[in-house]
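Taking the hints as your guide, dock the two standalone chains into a single complex.
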Amino acid sequence: MSDRDENDADPRAAQVRYDQARYVENGEYEPLLSEKDQTRVEIGGGDGDDGDGSGDDDSPLPDDLTRDSLELPELSEPELARHYTRLSQMIYGIDSGPYPLGSCTMKYNPKFTEDVAALPKAAVHPDRSERSTQGSLELMYRLQDYLGRIGGMDAVTLQPPAGAAGEFVGIRVAAAYHEHNGEGHRDEVIIPESAHGTNFASAALGGYDVVSLPSDDGGRVDLEALEAALSENTAALMLTNPNTLGLFERDIEEIAEMVHDVGGLLYYDGANLNALLGRARPGDMGFDVMHYNVHKTFATPHGGGGPGAGPVGVVDELAPFLPAPGVRENGESESEPGYELFDPEHTIGKVHGYQGNWLVLVKAFAYIARLGDEGLTDASATAVLNANYLASRIEYEVPYEPFHHEFVASAGEQDAADVAKRMLDYGVHPPTTKWPEIVPEALMTEPTEVEGKGTLDRLAAAFNAVAGEDDETLADAPERTTARRIDQTNAARSPRLSWQALGSDEE
Amino acid sequence: MHGTHTTGSPYAPHTEEDRSAMLEAVGAESVDDLFDIPDAVEFDGEFGIDVRSERETRQLVRTILGRNDDLTELLGRGHYGYYVPSLVDHLADRSEFLTSYTQYQPEISQGFLQALFEYQSLLVELTGLEVANCSMYDAATALGEAATLAERVRDTSGHRVLVPDLLLEGWRSTLENYVAGTDLEVEEYPTDDANVDLAALEELVDEECVMVYAENPTVRGAIEEGLESVGDLASDHDALFVLGSDPIALSLLQRPADVGADVVVGDASVLGLPTSYGMGLGLFATTDDYLRQVPGRLVGASEDATDRRAYTLTLQTREQHIRRERATSNICTNQAWVALRTAMHAAYLGPNGMVDLAECGVTRAEDLAERLDDIVGVKAPVHDRHHLREFVARVDQPAPAIASDLEKRGFAVHVVDEHELQVCVAGVPDERIDPFVAAFREVIR
Numbered sequence: 001m002s003d004r005d006e007n008d009a010d011p012r013a014a015q016v017r018y019d020q021a022r023y024v025e026n027g028e029y030e031p032l033l034s035e036k037d038q039t040r041v042e043i044g045g046g047d048g049d050d051g052d053g054s055g056d057d058d059s060p061l062p063d064d065l066t067r068d069s070l071e072l073p074e075l076s077e078p079e080l081a082r083h084y085t086r087l088s089q090m091i092y093g094i095d096s097g098p099y100p101l102g103s104c105t106m107k108y109n110p111k112f113t114e115d116v117a118a119l120p121k122a123a124v125h126p127d128r129s130e131r132s133t134q135g136s137l138e139l140m141y142r143l144q145d146y147l148g149r150i151g152g153m154d155a156v157t158l159q160p161p162a163g164a165a166g167e168f169v170g171i172r173v174a175a176a177y178h179e180h181n182g183e184g185h186r187d188e189v190i191i192p193e194s195a196h197g198t199n200f201a202s203a204a205l206g207g208y209d210v211v212s213l214p215s216d217d218g219g220r221v222d223l224e225a226l227e228a229a230l231s232e233n234t235a236a237l238m239l240t241n242p243n244t245l246g247l248f249e250r251d252i253e254e255i256a257e258m259v260h261d262v263g264g265l266l267y268y269d270g271a272n273l274n275a276l277l278g279r280a281r282p283g284d285m286g287f288d289v290m291h292y293n294v295h296k297t298f299a300t301p302h303g304g305g306g307p308g309a310g311p312v313g314v315v316d317e318l319a320p321f322l323p324a325p326g327v328r329e330n331g332e333s334e335s336e337p338g339y340e341l342f343d344p345e346h347t348i349g350k351v352h353g354y355q356g357n358w359l360v361l362v363k364a365f366a367y368i369a370r371l372g373d374e375g376l377t378d379a380s381a382t383a384v385l386n387a388n389y390l391a392s393r394i395e396y397e398v399p400y401e402p403f404h405h406e407f408v409a410s411a412g413e414q415d416a417a418d419v420a421k422r423m424l425d426y427g428v429h430p431p432t433t434k435w436p437e438i439v440p441e442a443l444m445t446e447p448t449e450v451e452g453k454g455t456l457d458r459l460a461a462a463f464n465a466v467a468g469e470d471d472e473t474l475a476d477a478p479e480r481t482t483a484r485r486i487d488q489t490n491a492a493r494s495p496r497l498s499w500q501a502l503g504s505d506e507e
Numbered sequence: 001m002h003g004t005h006t007t008g009s010p011y012a013p014h015t016e017e018d019r020s021a022m023l024e025a026v027g028a029e030s031v032d033d034l035f036d037i038p039d040a041v042e043f044d045g046e047f048g049i050d051v052r053s054e055r056e057t058r059q060l061v062r063t064i065l066g067r068n069d070d071l072t073e074l075l076g077r078g079h080y081g082y083y084v085p086s087l088v089d090h091l092a093d094r095s096e097f098l099t100s101y102t103q104y105q106p107e108i109s110q111g112f113l114q115a116l117f118e119y120q121s122l123l124v125e126l127t128g129l130e131v132a133n134c135s136m137y138d139a140a141t142a143l144g145e146a147a148t149l150a151e152r153v154r155d156t157s158g159h160r161v162l163v164p165d166l167l168l169e170g171w172r173s174t175l176e177n178y179v180a181g182t183d184l185e186v187e188e189y190p191t192d193d194a195n196v197d198l199a200a201l202e203e204l205v206d207e208e209c210v211m212v213y214a215e216n217p218t219v220r221g222a223i224e225e226g227l228e229s230v231g232d233l234a235s236d237h238d239a240l241f242v243l244g245s246d247p248i249a250l251s252l253l254q255r256p257a258d259v260g261a262d263v264v265v266g267d268a269s270v271l272g273l274p275t276s277y278g279m280g281l282g283l284f285a286t287t288d289d290y291l292r293q294v295p296g297r298l299v300g301a302s303e304d305a306t307d308r309r310a311y312t313l314t315l316q317t318r319e320q321h322i323r324r325e326r327a328t329s330n331i332c333t334n335q336a337w338v339a340l341r342t343a344m345h346a347a348y349l350g351p352n353g354m355v356d357l358a359e360c361g362v363t364r365a366e367d368l369a370e371r372l373d374d375i376v377g378v379k380a381p382v383h384d385r386h387h388l389r390e391f392v393a394r395v396d397q398p399a400p401a402i403a404s405d406l407e408k409r410g411f412a413v414h415v416v417d418e419h420e421l422q423v424c425v426a427g428v429p430d431e432r433i434d435p436f437v438a439a440f441r442e443v444i445r
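Protein sequence lines correspond, in order, to chains A and B.
So the first sequence is residues 1 to 507, counted in our numbering.
So the second sequence is residues 1 to 445, counted in our numbering.
Among the hints, erroneous ones may be present.
[To be verified] Example chain B residues on the side facing chain A (calculated, C-beta under 7 Å, incomplete):
(1) MET22
(2) GLU24
(3) THR363
Worth flagging that the hints you see were computed from the coordinates, not collected in a lab.
Source: prediction; values computed, not measured.
Glycine residues also receive a C-beta, built at the ideal position from the N, C-alpha and C atoms.
Same shape as in the complex, but just chain B (with noise of 0.2 Å):
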């Protein structure tokens, strides 16, 4: 009967009629005939895991989850709430996007595979390098994957990687996972308001250096203002520039090509995915040079054999299934269904769209600034910059306390330290920002 499964798989459609068919073709008595499984390691247990009808388990995950309570998000440092169109729920969800596999069959995968061509090009667009994967698991793996590329494909036997103080704990933790395994080290560079201290860069980059990342805008929100300079630094010590950024910040600012960004790494899923805890898309954008060095997935364009115009995934020898051991990377399963949504998203803003919510992003946060900075006990922004998006506030108070105390009216911000606090404006309702303002005036009495 139907929805009143109680044993058994529920995704399994055989009757007791066709059980016991099979089972006579296969001349067995039953299906534990089949299993050869010695009985020193047969388990006899029980998991101990309740059966639940699909209401229940529904009802179930919507009660545990019901206890995340109802916030207000200022919070970014690459994941942002902003507004996801119904177009692309709807369409990525339609099932021969949501539950097909890895392309490895190019001829019933047409319509994924120029999805993925699509997503391609428009980092493509987006950095001015010449390729693009078809993705990485999030920004922290796509920076690891930076510096195993920058280890294979510079001559010298350098081994330093220099990366910003101001680098995300998790993406600095994520990163030196990547490198345990070369001779790569990890060091830091200091930062002076919130960007490159370009005068101590210089001072740290040396011959030994394989790779120098920076990221714009940086983790504080705030525009870099040296690039140029940092791509510069590197080039001259023949170590690459990795650029860390977003596709909503490379619609507006200056593009990594013209900035000598060798390699572009960043969450791509501030477009297409609500902030979902965590999960993201990993952006990795090369140039031609290092095309053979890439990991991950490449979707090409070829012929078929009516000699029109369809695509593959392709130059697979680089990966693991091919070149095992000798491959580029260890990643199979990516993000594919995060970079259609991406794609999607994407294409839905237009470039027109996209501009604007870039530029929104600079004007709303200068905006939410001023109006935090006159608040008596209260500077914002700190650093004297153009910000995207986000920014920090000095408070005169203790800057936990006032966190806490937002949040319990329903507002969530990043502590940075004693007395500062992070702010974000993307993604938030202009209707959010009066009652944010107030909230912050009534806490910092």
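Chain A with its partners taken away, still in its complex shape (with noise of 0.2 Å):
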């Protein structure tokens, strides 16, 4: 391990050498559109007969159903190029270097899926008939399967359009089936205090009071919490198994069961899912409907910050509440399948305009046809690793194993933003901070399977670099970003959200 003792010895080694894009034009770093150019439209002089206007204005329009002017920037393509290539290179992505996020799965996306969605008949206007749309369908159809597959479900909808979008699905099916079965009393939904926000404002979107469980000293599910939170007012317990801190619900079969007896259902949250490809199922563990985000496991870019995708899965007694349309074989020809939408028996219709995040449903099938049962097993057993090598090398204390993909380091006496805020001069992204809060000053590291030994290495150097330097240094920090320490209260305090906003501050 003499690779170690050299970083140890120094932490100079873990920098990269690489300072992010920074340009400085008139005293700020790039420009706003609006300081290059604002041009102003003048609207009307049109009195609706075509070609009939007066002066140089032929609005095809009445003034009185027109504004009366447009004002922005009026830009060349190079000057547009410049702008957006400046801009980008202001921006830290996977392609950029490690980005160990935790609970977010940042792997890398493949660059092939681009191509795949990107073909032009990929892009058909979502009201086409059936008949003209069989490959739009088939594809659907495959990856409805697919998913169905690797959660261990029986039915499974495409339409949610991002992760939380997929919880609320959830919460809707359940209200659904409880409502179905004479039990629309039950209004309530236990979540463990450590679980993604998420699942909480789903849970209160879809009407729901929130009961709020605490964790056992192992950072499990305490299940004499549980038996007590639960009742006939339970509605659904939502679990993210492993958990946030990375561990294994090892009681999944008995909590399964108490959720069972008073008569709610057990709702998986796909966040970690990344964990278990190959190893083990939501459906075989006892969970009766769960989402996937495709842009976690499957590796969908989240294109700072969506679209990303939630497809939804379920056992089959919640099949028939599922949103429509789903898509289903018609049976019509058994050497060519066809494809149709239908309307599950007691659906909660249409949690999207129309067919979710298409485009990235065509990403997600095409890295699941790619990597297929080995891949996907390997991804997940190499992300386990992958998270337990990286600990084993980081001088912070983890105080709860074992985990799987991720791990919840302490920064201790340190704080863990600006522990943070250090890293990134490591050239390297942070982890995940201050949660979840059962852990102080909570660092939540997930470094993937994509990441080599040679890249973890340089990760603990640089996580260790900062354990050792002192809360001055931490707070200076970042130096070798675009923008240095950036005044977020302020932002808060008076938001200026717009160019506009900016303007008539500056003035």
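This is the structure in structure tokens:
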């Protein structure tokens, strides 16, 4: 382990000779488009009679139906190309370096999936006939089938456009199921305190009261607390497994039995599914409904905040309540199967105007088809190996184990947010910080399977370099990024949310 | 060996030596030892999904999608095949844009934050409202979020949400799901000649209404002529006036702020995306009054330690990861990259290009309607209104059969009812218009 000793001896070894792009023009980082040009177009002068307008302007509409003017930047294509190229150089992506953001599963995004999503035949109008869109329907049918097998679920909808939208579908499906069975009085959803914030918000949006569940000393579901929380009012328990500490809920069978005994449903949050591919399936563990985060587990790019997709899988009993329409084989021909849309018998209706984020689904399908059984199973195994290896190399304490694909270290006396800022100076993306709150000054770390040993060593060296630094250095960080530490308090105190607001503010 | 992976994730760079060294470092014999899964729930089966090479996978997807017919789409209703300039594809596909996460670390995300700030600014100019978020999923979910916002900001205990009878079924259904956990009830008001029936709406609006929704243009492509009156009716009863539109329509039509709109929703992906089988970009703008009740992400300007302007996600205490069950919305991952594409496309067009594109939508729709109207057995447009991009044509013969015959000749149109078809010109190349009119002439015989 001589290389480790070297890293420990010289924290600078963790540094990458890489500064983020920083353009300064007129005292600002890259100017806004509006600072490069503002062009006002006057509209009107039309009387509504085509070609009969007077003066220079012959608007085809009468003045009272139009706005007076439109003022926006008017720039040439080369000017725009440079503007957006510069902006892109001021962003850190998974192609820039490691991105161990816990619970976000930031994997490398294969390039070929962009090409298949850009195929001209992927771009069809959502209102086209089923007959003329057999390709789109077949791809959806096959993706539904893949996801069902991977999750151990009987039926899948692809409609939810993100993980949180999938949670909301799960909640609505649970509500419809209970209502259908004359159990509409169930008004509580139980959620562990360490769960993702979306769980709470999705349950509340569905009209449920949230019952918060504490963890036991080992960081898992406290069975006694669960027993106390469960009642005839329980609609569902929402669970992440492994949980946000990376720990597998070993009592899952008992948990499922307890929830089912009171007539509740068990919901699986797919955010951590990357830990389980080919090792365990939510359906086999007793979960009734789950969502898949395709931009996590199935490596579709996150796009700086979306689009994602959050397909939902359910067991047979819940299939009649899924959103409409689903896709199925129409059974008309054995030699060349046809596909059709259908409304499940007791459908909750729609949760998106059309079929969700279709192009993302195409990428997810291609990713799964590329990896197959072996690739998916290996992804999980390697992700778990990587997390364990990285944890073994860092000097920060990791209080809960055995973890799987992610672990939560504690920054101890240091401020986790400052640690994150300082890590930026070492050319790596920091972990998720200050969450889950079970671990003080949490550094929630998920390297995923795509980082090799060399990168993990470099990441560990960055962790360790920061661990040895004083508070003042941390508070001054970052210094090698596009912008220095940003005042977030002021941003919220006096919100300036557009260049229009900026103009009035700075005049 | 590169390119010949047959086992394992092709995107994990480990060699066998690496794996051994790493296992040794963590003190495990094999990776299996690291999994803490009870036997009873361990999966020992197979998915039955074959491993494929990249080339084989591309071919598979190409073959499957190849079953989609090539049609000229004269379909609209929120999704248009406007030409997307190459600039958008090439620059939005730069991998820093594509492969970054939500901007939780603003110091290394300035480029994306600035692009989203510019997107918000575009919507502020288009709507005249002060606040725009940097995206919802699509128009239908944005409408759902508008309703839950109306419920939160309305002082009284009203529960009625009024929507036009023309509202698309998918949007109506999505709205119903969004309000299912509230006391809100969705009710329809009638339309008259594809515009709001103002007299009927006046009868229906009362103090129990929290929201009145209208669209410009309407689903039938008709430009709304009574928006100010709708705004007045809503504000007279302390209800929010929510207006549905899109960036191209907003470049030309009445400014929402000028007709009293409190919220603007719609699909902004008319710019930046092809017709992606329904994938969209929810537009959401509102007034300063409701700033702290806005759903979703907001990018704000601030300063960094050198006092230079810098951007950051802001007002996050509204959001689910902080406020949990008391958040303004459950949205987390949104459509940031699509918003980027829309902003790029708008910047490419500039204000002149956007107004031109909108005006073309008026004149080309008018021209095509005239040409169809010349065909015996066809009346177009059915509605005596100005139209943007699309219009309804009445046909003497059964409309579904005509649509089906048109499809056989390579053209897709909407069926409105037994004797009405809806036709859209947006994104249809000029050279496809003559063949379409010829095909229409043939199938109407």
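Hints, verified against the model:
1. Annotation: interface hint on B:MET22 holds; nearest CB of chain A at approximately 4 Å, less than 7 Å.
2. The criterion of a C-beta within 7 Å of any C-beta in chain A is not met by B:GLU24, whose closest approach is roughly 10 Å, and the hint is violated.
3. Checking B:THR363 against chain A: minimum C-beta separation of about 5 Å stays under 7 Å; hint holds.
Going through the hint list in order, the structure does not satisfy hint 2, though it satisfies all others.
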